[in-house]
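Peer 1: Residue-level listing of the chains:
2 protein chains.
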Amino acid sequence: MSTSVSPLAPKHYPAMPAIDGVRIATAEAGIKYKGRTDVLLFVFDRPAEVAGVFTRSKCPSAPVDFCRQNLVHGKARAVVVNSGNANAFTGKRGREATEKTAAAASAAVGCASNEVFLASTGVIGEPLDAGKFSHLLDGMARDAKADRWLEAAKAIMTTDTYPKVATETVLLAGVPVTINGIAKGAGMIAPDMATMLSFVVTDAPIAASVLQALLDKAVGATFNSVTVDSDTSTSDTLMLFSTGTAATRGAPAIADVDDRRLDDFARALGRVLHSLALQVVRDGEGARKMIEVQVTGAATSVSAKRIALSIANSPLVKTAVAGEDANWGRVVMAVGKAGEPADRDLLSIWFGDIRVAHGGERDPAYSELDTSACMKNEDIAIRVDLGIGDGTATVWTCDLTKEYVAINGDYRS
Amino acid sequence: MSTSVSPLAPKHYPAMPAIDGVRIATAEAGIKYKGRTDVLLFVFDRPAEVAGVFTRSKCPSAPVDFCRQNLVHGKARAVVVNSGNANAFTGKRGREATEKTAAAASAAVGCASNEVFLASTGVIGEPLDAGKFSHLLDGMARDAKADRWLEAAKAIMTTDTYPKVATETVLLAGVPVTINGIAKGAGMIAPDMATMLSFVVTDAPIAASVLQALLDKAVGATFNSVTVDSDTSTSDTLMLFSTGTAATRGAPAIADVDDRRLDDFARALGRVLHSLALQVVRDGEGARKMIEVQVTGAATSVSAKRIALSIANSPLVKTAVAGEDANWGRVVMAVGKAGEPADRDLLSIWFGDIRVAHGGERDPAYSELDTSACMKNEDIAIRVDLGIGDGTATVWTCDLTKEYVAINGDYRS
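Top to bottom, those sequences are chains Z and X.
Counting in the UniProt record's numbering, the first sequence runs without a single skipped number right up to 413 at its last residue.
Counting in the UniProt record's numbering, the second sequence runs without a single skipped number right up to 413 at its last residue.
Please note: incorrect hints may appear among the correct ones.
What the hints assert, rightly or not - Stretch by stretch, here's where chain Z covers chain X in the computed footprint (C-beta under 8 Å, at least three residues):
| id | stretch |
| --- | --- |
| 1 | 218-224 |
| 2 | 287-300 |
Stated by the list, open to error - If you only want the chain Z side, here are some residues facing chain X, beta carbon under 10 Å, derived:
| id | residue |
| --- | --- |
| 3 | 60 |
| 4 | 327 |
| 5 | 342 |
In short, the hints are calculated from the structure, not lab data.
The model shown is predicted, which means the values in this text are computed figures rather than measured ones.
Every residue, glycine too, gets a C-beta built ideally from N, C-alpha and C.
Isolated chain Z, as found in the complex (with noise of 0.2 Å):
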C-alpha cells in the first residue's frame, strides 16, 4: 500500500457542515487493516430517499446485489461500508455476511433489514467475517454524531493516499440546502484495493424516483468521465440520501424531476459528483500527472466520449505523459483504433494551448521545445478535434507509472 500522500492531492479540505438528520459513526473492527477505521455507519433517524447507481459488472459484490434489491423499497435508515474486504466472489457465504450485518444494522438502528444500505471495498474472494464488526454497530448508532464527515470518508480509504469530500450549499426555492459527498477509490477502478465507492446525503426534500433521475443525469459527466486504468470493480456503488429535513426550514417538497426549482440543486449536485470523481482521478495509484481529454467535432456526443475514452485508456498516451512527452502521434493511434469515425486529413490535435498536430500532419508552427514546457506541468489537457461534426466530450484521468506497476505488482506478494 501507498505510505506517501499523492503530490495531485488537495492543498485544504472545505469545512463539511453538519446535515440534519443524518449522523455517522466510525470504528477499529481490524477487519485487515491496524490502527485505523475500516468501518462507517450513517444513521438516518427518521427514513432517507434514496438512489443508488451500481457497476455494470457481470459479477458484482453481495452488497451490490443487496443494495439493488433494497432499493425498490426507496427508503433508508442506515448504511454500513467496511474496508479490507470486498465481499466479492464470496457465493453464498458472501450473501450470509450482508445479511448479518444488514440485521445487527437493523436492531441497532431499529429499522427493517430492507431499509439498510451496505457497501464493501477491499480483497476480493476472501470469506468477510461480518462478526467482525457486526456487534459494534449498537454502539455505533448510539455514538454517532452529525458533524464527523471526514472522519466518514478516512474510514472506508483502502489504497487512498487522502480522504475524499465535497460540499455544495445552494437554495432550493429560496432556502438554504446543502450537498455533503464522500467518496474513495484510487484505482479506477481496482478490484481489490481500490473499488470506486461514493455517498451523498442532502437534506433537500426531494422523492427516490427525482433523486434517481438527477444521479442517472449527473453521473454520466463525472463518475463515468473518469478512467484510472479502465478496469471495472465488482463493487462500484454511488448512493444519494435525501433526509428531507430543509423542509423544517420551509424548502419546498419536490416529487417531479421536471420542476424548474430543482435547476440549481441539481447543477450543485453535479459540482459535488465532479469534485469527487476528480478527487478519485488524482489519488490514481501512481499518479503524479492529471490528464483532461477533450474531444470535439466529433460525429455525436457518444462518439465523442468513446474517443476520449480510447485516448484516456491508451497505456501508450499514458506512459508518455508520465515521461513529459507530448507524444501526439500515440494520440492519432488512440483516435484511430477507436472505431468511431475520424478523418486522418481533418484531425486538429492539441496540448495545453499548443496544436500540435492539424489537417493530417504535424503543425507547422510546432515547436518541440515550447511543447515540451507545458509536458512539465502537474494537469494536462488533451485536446482532440475530428472536424467532422458537433460531439464533444470531456473524460480525466491520470498518467501511468512505474508506481502504478509496483502498488498493483507487489502488494499482495
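Starting from the structure of chain Z, add chain X where the hints point.
Peer 2: Same frame as chain Z, but now just chain X:
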C-alpha cells in the same frame, strides 16, 4: 530503446530455406538508426499472387492506404519496407513519399507501380524522406539473394529485441511446398516504435483470392489473438505472397478455397502465423512472462474471445502476473467488465493446473503456496470456464512491468 534481449526470446532460430522466385536485399540508409540495416526489399522475378490484411485503425498510415489500393490488382513484383519512420499522419507529404518510393522500386525491378507494396514502421508524424533510401533500391534489386530471411527480419526491427522468423514445409498434392514468414512488433501494437508488420511468402501455386481467404481465416486465431497493451497501430500490415514456383516441381495450381488439397497447407500457414504472433508477444515491451488466456464454456466463441481479451488487456491482471501474484480476484473483475453473459456462481478459474475458484467462491482446496509456486514460471496459463455454453477462445499476452513504462515513458524524452 531496449538494449538487452527479452528473456522470452527463442533459444534458437530455424534454418530458413530459400524460396524460388523471391530474392531479398537489405541496406543501411540511416533513416533514423545508425549502424544497422533499415531498408528491406523483396523482389519477385515473376509476378507473385498477393493477399493482405491491415490495421482497422481509422487513421491508417500512408503505406497502408497505398497497399490497400494496389491489392485489388492481386499481383506483386516488389515489397519495400523501412524502419525508423512509420510515414503515418504525414498527410500529403506522406502520400508523396509512398509514390516516390514506389516509382524508384518499379524502376529498379522493372514493373508497374501497382505491383509494388510498401510498409513503414517507426515514429509517427515525422515526414519520411524517401530520398534517404530510394536511390538504394536499384543496387538492392540487382544484389538481392534468395537466402537472406534472417537479415530481412533484422532490417524491419524497431523496439524488437530479436528478429522473428518461422518456416514450414508441407506437401501440396504430394509436392513439398514451403512457407517462410518474418514479423516485427514489440508493443502490440505500439504506434511509435513497434508497429506490427509481417510478410509471408510461399512457392505453392495458389491464386490471390484463395490466399486472401486463407489469410482472413488464419489471422483470427493468430495475430488477432495476441495483445501486448491493447493499443492498435496505424500501420499493422500482414501480407502473404505466392511465387507459384513449386508448379515447376509438379505442384497443382489451386484456384478454389474449398480444394481439399489445401488442408495441410492451411494448417501449416496457421502454424507459421501462430509462431510469428507468439514471438511478437514474447518480445512485448518489458515482458518477463508470457500469459495464455483460455476461456471455455462461454455463451459463444465471439463472447469467449471478448472475455479472453478483457482479461488479457487488464492492467491489473498483467501487473499481478508481473508480481507473481495468483490474483484471481482480478480475473473475476475482468470477466465481469467484459459485458458478456457470465454467472458468478458458475465460474471456475485455474492458474496452470490449479483450480483457484469455483462455484462463486474460492476453491476449498486452494493453496496459496502451490499457486505462488506456479506463478514463478515463465509461461503462465490462465483458464476461465464460464459454465454456460460451448464458446471457447485462446489469446496470448505478456505481463505489464515497470520496464514497459520505462520503454514507453522515457524513450523520446
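Peer 1: Compare the structure with each hint and give your call.
Peer 2: Each hint tested on the structure:
no., hint, in the structure
1, 218-224, "violated (count 0)"
2, 287-300, "violated (count 0)"
3, 60, "7 Å, holds"
4, 327, "6 Å, holds"
5, 342, "4 Å, holds"
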